[in-house]
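Residues per chain are reported as follows:
There are 2 protein chains.
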Amino acid sequence: MTIPRLTVITLGVKDLAQATRFYQAIFGISPNSGYEGVSFFELPGVWLTLYPVDKLAEDISPQLSPDRRGFSGITLAYNARSKDEIMAIFEEVKTAGASIIKPPQETFWGGFSGYFADLDGYHWEVAWGPMFDFAPDGSLRFKE
Amino acid sequence: MTIPRLTVITLGVKDLAQATRFYQAIFGISPNSGYEGVSFFELPGVWLTLYPVDKLAEDISPQLSPDRRGFSGITLAYNARSKDEIMAIFEEVKTAGASIIKPPQETFWGGFSGYFADLDGYHWEVAWGPMFDFAPDGSLRFKE
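In order, the protein sequence lines correspond to chains A and B.
Residues 1 to 144 in our numbering are what the first sequence spells out, letter by letter.
Residues 145 to 288 in our numbering are what the second sequence spells out, letter by letter.
Among the clues, some could well be false.
[To be verified] Chain A is faced by these chain B residues, among others (derived, beta-carbon under 8 Å):
#: 1; residue: A221
#: 2; residue: K238
#: 3; residue: D264
Just so you know, the hints here were simulated from the structure itself, not pulled from any lab data.
Here the structure is a predicted model, which is why all the values come from computation and not from measurement.
Every residue gets a Cβ at the ideal spot worked out from N, C-alpha and C, and that includes glycine.
Please build the complete structure, drawing on both the sequences and the hints.
See the structure below:
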């Protein structure tokens, strides 16, 4: 039995209320109101969930320290339709309190992309590339 | 302009060939064959991409060390249809070389879930819960 897809990405956060406000601003939606102590953002394709980082570590294993140092090793990305859309998103996330790590710029692979970090230091890429297209449901696909 | 969804999750990996073989086994699909040096697994909803962790850190910022210590702070999850599906998936990922961190078990929130770690130590949860349902496209939703 294989894993056919991802359903949820969970970010362990230091301040749940603050992180929830941040993602409310950048997604433009509120988390599901039926659950306390956890914020489920029901995005199309895959949910983004926020949960206190100490509780997340504890849920995985009592041996796991919630101490995060250095690079998470993971990036989350949104592929945009245009460079203009990327610039507009960077304005929005900056206003919401994100740190701009790499301002949007031309990339070595022929695209246009930038990175920001959320309040807990998780890295997001917002990118456009000539090889990318979108399925009718909005998910990513390669141009044929 | 807000971010309407996620399109890609990228994991920074130490050994791209080895990590690609691992995810080929647990997803049951091959990455897109048109790109070298990066593995795009075109899963429904959101892609999972593998890229060397040093190059990923460098792409974000020259100031970012690719050194990963402790907990990434992020979990990836697949919500299953049944406890049996979870048990079968855990057999499969164990065979593929995953470390079983928390064997599937009843949870405090009324569900059933376990965690495994991939070859680079990234944590995956495979979970079933009575409050979860699936949209026709296979993405997660709450029961009404």
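Right, here's what the structure says about each hint:
1. A221: Given a least distance of 4 Å, the restraint on A221/B holds.
2. K238: Violated. Min distance 12 Å.
3. D264: Interface hint status for D264/B: holds (7 Å vs cutoff 8 Å).
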